[in-house]
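Taken in order, these protein sequences are the chains called H and C. Its first residue numbered 906, the first sequence is counted upward by one per residue in the working numbering. Its first residue numbered 508, the second sequence is counted upward by one per residue in the working numbering.
Don't take every hint at face value.
As a list, the in silico SDA-like pairs of lysine to any residue whose alpha-carbon atoms are at most 20 Å apart [unchecked claim]:
(1) K701(C) <-> W912(H)
(2) K541(C) <-> K1153(H)
(3) K701(C) <-> S1058(H)
(4) K541(C) <-> I1050(H)
(5) K541(C) <-> T1228(H)
(6) K701(C) <-> A682(C)
(7) K544(C) <-> L663(C)
(8) K1153(H) <-> Y1132(H)
(9) K541(C) <-> L1234(H)
(10) K707(C) <-> G752(C)
(11) K541(C) <-> Y1132(H)
Covered by chain C, per the in silico footprint, the following chain H stretches (three or more residues, Cβ under 8 Å) [to be verified]:
(12) 1055-1067
(13) 1073-1086
(14) 1225-1233
Distance windows between CB atoms, simulated [unchecked claim]:
(15) D831(C) <-> H1044(H): 35 to 43 Å
(16) E555(C) <-> H1044(H): 45 to 53 Å
(17) S711(C) <-> Y1146(H): 51 to 59 Å
What the hints contain is simulated information worked out from the structure, not anything from laboratory work. A virtual CB, placed ideally from N, CA and C, is assigned to each residue, including glycine.
One-letter residues, chain by chain:
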Amino acid sequence: MDRLPPWVDVVLIPIISLILAFLISGLVIIGIKEDPVEAMRTMVQGALGSSYGWGYTLYYATNFMFTGLAVSVAFRASLFNIGGEGQAMMGGLGVALACLFIPWPHWSFALVGATLSGAAFGALWAAIPAYLQAKKGSHIVITTIMFNFIAASVLNYVLVNQLRPQGSMDPASGRFPDTVALPNLGDILGLVGIPFSRSTPANITLFVALIACVAVWLLIFRSRLGYQIRAFGKSEPATVYAGISPVKITMLTMLISGGLAGMMAINNVMGEAERLVLNAVEGAGFIGIAVALMGRNHPFGVFIAALLFGFLYQGGAELGLWTSIPIELRIVVQALVILFTGALDNMVRMGVEAIYTRFRKAPPEVIKAAEAAE
Amino acid sequence: MTSIQKILGATAVLALSAGTALADPAVVFDLGGKFDKSFNESAFNGAERWATETGGSYRELEMQSEAQREQALRRLAESGSNPIVMTGFAFSSVLEEVAPDYPDTKFAIVDGFVDAPNVRTILFSEHEGSYLVGMMAAMASETGTVGFVGGMDIPLIRKFACGYAQGVQAVNGDATIIANMTGTTPAAWNDPVKGGELAKSQMSQGADVIYAAAGGTGIGVLQAAADEGKLSIGVDSNQNYLHPGSVLTSMLKRVDNAVYEAFTAGTELETGIVTMDLASGGVGYAVDENNAELVTAEMQAAVDAAAEQIASGALTVHDYTSDDSCPALTF
Chain H
906 MDRLPPWVDV
916 VLIPIISLIL
926 AFLISGLVII
936 GIKEDPVEAM
946 RTMVQGALGS
956 SYGWGYTLYY
966 ATNFMFTGLA
976 VSVAFRASLF
986 NIGGEGQAMM
996 GGLGVALACL
1006 FIPWPHWSFA
1016 LVGATLSGAA
1026 FGALWAAIPA
1036 YLQAKKGSHI
1046 VITTIMFNFI
1056 AASVLNYVLV
1066 NQLRPQGSMD
1076 PASGRFPDTV
1086 ALPNLGDILG
1096 LVGIPFSRST
1106 PANITLFVAL
1116 IACVAVWLLI
1126 FRSRLGYQIR
1136 AFGKSEPATV
1146 YAGISPVKIT
1156 MLTMLISGGL
1166 AGMMAINNVM
1176 GEAERLVLNA
1186 VEGAGFIGIA
1196 VALMGRNHPF
1206 GVFIAALLFG
1216 FLYQGGAELG
1226 LWTSIPIELR
1236 IVVQALVILF
1246 TGALDNMVRM
1256 GVEAIYTRFR
1266 KAPPEVIKAA
1276 EAAE
Chain C
508 MTSIQKILGA
518 TAVLALSAGT
528 ALADPAVVFD
538 LGGKFDKSFN
548 ESAFNGAERW
558 ATETGGSYRE
568 LEMQSEAQRE
578 QALRRLAESG
588 SNPIVMTGFA
598 FSSVLEEVAP
608 DYPDTKFAIV
618 DGFVDAPNVR
628 TILFSEHEGS
638 YLVGMMAAMA
648 SETGTVGFVG
658 GMDIPLIRKF
668 ACGYAQGVQA
678 VNGDATIIAN
688 MTGTTPAAWN
698 DPVKGGELAK
708 SQMSQGADVI
718 YAAAGGTGIG
728 VLQAAADEGK
738 LSIGVDSNQN
748 YLHPGSVLTS
758 MLKRVDNAVY
768 EAFTAGTELE
778 TGIVTMDLAS
788 GGVGYAVDEN
798 NAELVTAEMQ
808 AAVDAAAEQI
818 ASGALTVHDY
828 TSDDSCPALT
838 F
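One chain only, chain H, in its complex shape (with noise of 0.2 Å):
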């Protein structure tokens, strides 16, 4: 079989199959006797039809960044971590330790501190599972997903009974100090003369997920260790005869990926609760999995899908907020979504395949052109 050019594989099909998600889902809508184009029109309005709207998005988009990075890294080492959700919320806690008991003298200082102490949280409850599965040979897949559990539970001990305010009703810390605030991204738009909505969550935390997409690239594409993970999740054996030891890989992998999880409290613990509730996740570590997974492992993927579902929680919350449809209409698109983008991406491909080596057959000079360029 030919193969196709990268644009077709990693632009065309993508934007097919969610042609094809969007379609079905407007079926759906009419089969539960809404209207699709309103349904539609409601979410791109809400999602991206103001800057308040692209506030909320970006500021979904940028968990899930985190959480899309982090089961990527595990995925590239063939290790399947679930256990984002865990991960973040300890995470959340090594975030909300460091802003309520460490005075920071300004905001700046604090987003490092935090963004180190979450992400040794999420690292080290990502240890565990990964030393069982390099030493023990437990299953990360089975282990990871009852980390998060044990991470709910943590984190109601220490908020019912350690963080919580004398005498406050809320299973949530106190206030973080005014100092920890972090600046939204209205404040730092605002400097550069591009004016945004002020009230949304999104905030500076944005631009931690932007580098944190380019450094998990070059640690993944352009470093001896990201070109271990990859050799090891290729291959066991070979990497065991090259010299390359599984469980140091194993270890470290899934240290990197349970970091990654852990720094999404910084946006959401820090930068939009400004407190640490026992709710905070809600789930974005397993749709960091969807994330990842449409993303194709790549950090530049993993950016495009985070913003898509981004717009998708953001866009489903207008339609649950505004309209008649019910929320979990979203759950139906993301699924599609997912399904059409993940599970049937072959599906699509092969029929894009077909179309192209009949479009190359036929013009002669099309395939010079394309050979020239390549």
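Please arrange chain C on chain H, whose structure you already have, making use of the hints.
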């Protein structure tokens, strides 16, 4: 691009404000949903009662994520809803920030605590109502063992459990109280299967009356008790009708009254702290045709006497949240 965005945003706000008549009230339901047959549904019933009696209309929103809380409050306030009533303590911290930005809008929060000039804080004395149903549980129990199934392990639910345990012990000092919490995540509010399993486990340990303070999870507790011919106690709304003859009573938390009063007061809503206790009819227990046979005259007399004493202040039920401890139960 940005100017287009601004225009679009402005039209969206215009469209929203055009859709609402001036000063319609609004109610915001917490995670868990409007139809939880319990806490949120009670608030919904209050709003509906106001709507049918006055013919007015109101706006309602259901939360789907934590980040939406602020979004929802701001959008409602900006679109002119007044007063805005919200259910659940989780709104406290958000409302603290939002309320000062809209000084002309009145807010009311159920279960939370916000100290602002335009906020009405509505607190319920759940421990008093739980005390009464605890007494009834102890009197109805033949085994001397009663159960409690809570939702999430949070102070509010411990307040329910603690009041209940005190009521049980007031009737039968030797009674065994088995208390379990369903979980540590918000899923614990809506897990009837696990609620049923906990109830079965408590019944196998001898419990023959089980009090569920667990939102939607309680449905499973009531079902399990009905299946095994044991008694259960519902919560928040009157749940006696769910299994007639098996639900001993329901601890009523009149969130509906709180919402109804706030809606009726409209923009003239008085702010400050309002405690809905036994004396003011904010909490209580339910007797109707579905459980009339279960509640004996002796039981009713004892409970009414205790209710009178609590209302007059002669009897004090310890509130767990006042000092984070419970004399009758350890967690």
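Structure-based check of each hint:
A hinted pair counts as satisfied when its Cα atoms are at most 20 Å apart, and K701(C) with W912(H) does not qualify at roughly 50 Å. Distance check on the hinted pair: K541(C) and K1153(H) sit about 50 Å apart at the alpha-carbon level, beyond 20 Å; violated. About 16 Å separates the Cα atoms of K701(C) and S1058(H), which keeps this hinted pair within 20 Å; it holds. In summary, the hint linking K541(C) to I1050(H) is not supported, as the alpha carbons are separated by about 30 Å, beyond the 20 Å threshold.
With a C-alpha separation of about 15 Å, the suggested pairing of K541(C) with T1228(H) holds against the 20 Å cut-off. This hinted pair does not check out: K701(C) and A682(C) have alpha carbons roughly 25 Å apart, beyond 20 Å. Proposed proximity of K544(C) and L663(C) is supported: the alpha carbons are some 18 Å apart, at most 20 Å. Note on K1153(H) and Y1132(H): the hinted pairing holds, with a Cα-Cα distance of about 14 Å set against a maximum of 20 Å.
Distance restraint check for K541(C) and L1234(H): the Cα-Cα separation of roughly 17 Å lies within the 20 Å cut-off, and the hinted pair is therefore satisfied. About 18 Å separates the Cα atoms of K707(C) and G752(C), which keeps this hinted pair within 20 Å; it holds. Of the pairs offered as hints, the one joining K541(C) and Y1132(H) is violated, with about 52 Å between alpha carbons and a cut-off of 20 Å exceeded. Only residues whose beta carbon comes within less than 8 Å of a beta carbon in chain C count, and the segment 1055-1067 of chain H has 6; three or more means the coverage holds.
Figure legend: the segment 1073-1086 of chain H, annotated as covered by chain C; annotation consistent (6 residues with Cβ-Cβ distances under 8 Å, at least 3 required). Check result for the segment 1225-1233 of chain H against chain C: holds, 4 residues qualifying (beta carbon to beta carbon below 8 Å, three or more required). For the pair D831(C) and H1044(H), the supplied restraint of 35 to 43 Å holds, since their beta-carbon distance comes to about 41 Å. At roughly 51 Å, the beta carbons of E555(C) and H1044(H) sit within the given window of 45 to 53 Å.
Checked against the given bound of 51 to 59 Å, the beta carbons of S711(C) and Y1146(H), roughly 57 Å apart, stay inside it.
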